[in-house]
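Q: Listed here are the chains, written in short residue letters.
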Amino acid sequence: MSDARIDVQVEHRDAPPPAEKKHPNTCPKCGSHYRDDELDAALWVCAHCGHHYPMRARKRIEWYADAGSFQEEAADIRSEDPLDFFDLRPYTERLTEAELNTGQSEAIVIGQATLDGHPFALAVMDFSFMGGSMGSAVGEKFSRACDAAAERGIPLVSVPSSGGARMQEGILSLMQLPKTVVAVEELHDARVPLITVMSHPTTAGVLASFASLGDVTIAEPGALIAFTGPRVVQQTTREKLPDDFGLAEQNLRFGHIDAIVPRPQQRAYLARVLRLFR
Amino acid sequence: MSERDQEVNLRQRLSGLSRLPLLRGARVDGEAKRLEEQLERLQQDTSDEAIWRSVELARHPERPYTLDYVERFVDDWVELHGDRGRADDGALVTGLGKIDGRTITLVGHQKGRDVKERLDRQFGMAYPEGYHKAMRLMEIAERFQFPFISLVDTPGAYPGVAAEQHGQGGAIARSQAEMVRLTVPTVACIIGEGGSGGAVAIAVSDRVLMQENAIYSVITPEGCAAILWRDAGEAKKAAAAFKPDALHCLDLGVIDGIVAEPPGGAQTDYDTAARFLKAALVEALDELDETPGEELRRRRRAKFRGMGVFA
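Protein chains in written order, with the numbering used here: chain B, 1 to 278; chain X, 1001 to 1311.
Everything labelled a hint here was simulated from the structure, so no lab data went into it. Glycine residues also receive a C-beta, built at the ideal position from the N, C-alpha and C atoms. Treat each hint with caution, since some may be false.
To be verified - So the derived label-pair ranges between C-beta atoms look like this: (1) B:Leu100 / X:Thr1183: 46 to 52 Å; (2) X:Gly1085 / B:His33: 43 to 49 Å; (3) X:Gly1101 / B:Arg89: 53 to 59 Å.
Please model the complete structure; the sequences and the hints are all you need to start from.
A: So, in structure tokens, the structure goes:
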């Protein structure tokens, strides 16, 4: 039963060999291949089959916000290494590498912008930074985004994308669950709406905290939204998994989200929802 | 004194002084400073072996579970069953009772003793229905202004198809949200395994205590090892790296106090373990009694908002 205790995706030594490595711009669903600029122009959605590629946080903000309106906040908050954590490599080294590879200081970008001229706050996660894992810095930045939105009375649009809590920060990463929950509670007390756009993947600790507490919650097509991912469920329980296990489509059917909105329609959808709360 | 005796001695003192903020030195100035120094010395020595020993004791099959404690120090216990929606989750027991004459609401994970009971109670891994049931108790606590006590002992929330379909993540999130809305005193104690989201779901409390051999962690040692070392067999190394033992949790400010166990662990003497636990719970409740509800809630929120270390 040891695997029963795992709530993030697990790689195993005896796992089947990974499928042949494909170029990241090759669509995993239909095999179409695109240049970066083609995908960029198409909001990282496959023109042929509609598959949603992962979208970087800044690109997404560029898509939602009026041109040039985004002002980033708390960009200088970075992770510390409270446990001197060392697995096969030191945590600090992994952090530095993530920063070099992504150009991001952490797995979330927060700030404010306008949408059709109306101000709103943003908290957008970036999966490419250590799998979007939530440590103290992510928890703090998300909480500050809530504070800023509450203080200014402007709605908060949150886009989770995360494999879960950041193990390298041990128990402190678990404490980011109640921390962000408190931040959302205070946002709600200020009667400021929280709109959540769940992107692939929204799992484990992030799903079990702020991601599940939106007033309106939508998801991207095909996004994995699960507390425990399919592989771990399979390994632990030996249950046969439904084909759409944990996907946005199943979550809609079971009543966990309000709608599935394809990326190209999200801007208009958000604009409409935000109008209702003005 | 041998080092082990010293450690036991210190831990007993720590639990005796669990009226915190212990390590932040406010309450018991001179004593706290001395203890802190001692603690620091000990911590340098908290060997990987000692941490692993906690992991083993926390999961000991003979370790007392929630109902063993209820039987020993809760009077007039009335267990309440069912989430009023879908099911009654045996992995989380909930009910009303009296401790030292005051009515309390209590929720706690319950692992099974024999194979059948283990299966019935899913090894203490709750479904969303379990957390819904706990939220029902929170409502009762708030309505009648009864203190809310939680005993945490779970490897984690249940990882299955139905649990996902019934909204495991959302249930854990909403249970925490409910806990930070309460205006009654709330005390949690990790009495075995404090496994990840399934544990914190019922532990967003004014006072969070840990028994001295309990563990509290974001992931199991095996899970962490499987991911970072790509080998679940490296669990000992993983545990040494993420430090789920009570002393480290206290040091990181995640818990407020350590509850002593009988020598050798809680499984050796249920009655003594229960006596220590009861004393700690009563002490925490007494301490919180004077504070108005709104203030309790404000402080509880501030405490969790402050958690984390960043630059």
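Q: Hint by hint, where does the structure go against what was stated? Just the numbers, ascending.
A: Nothing - there is no hint that the structure violates, so all of them hold.
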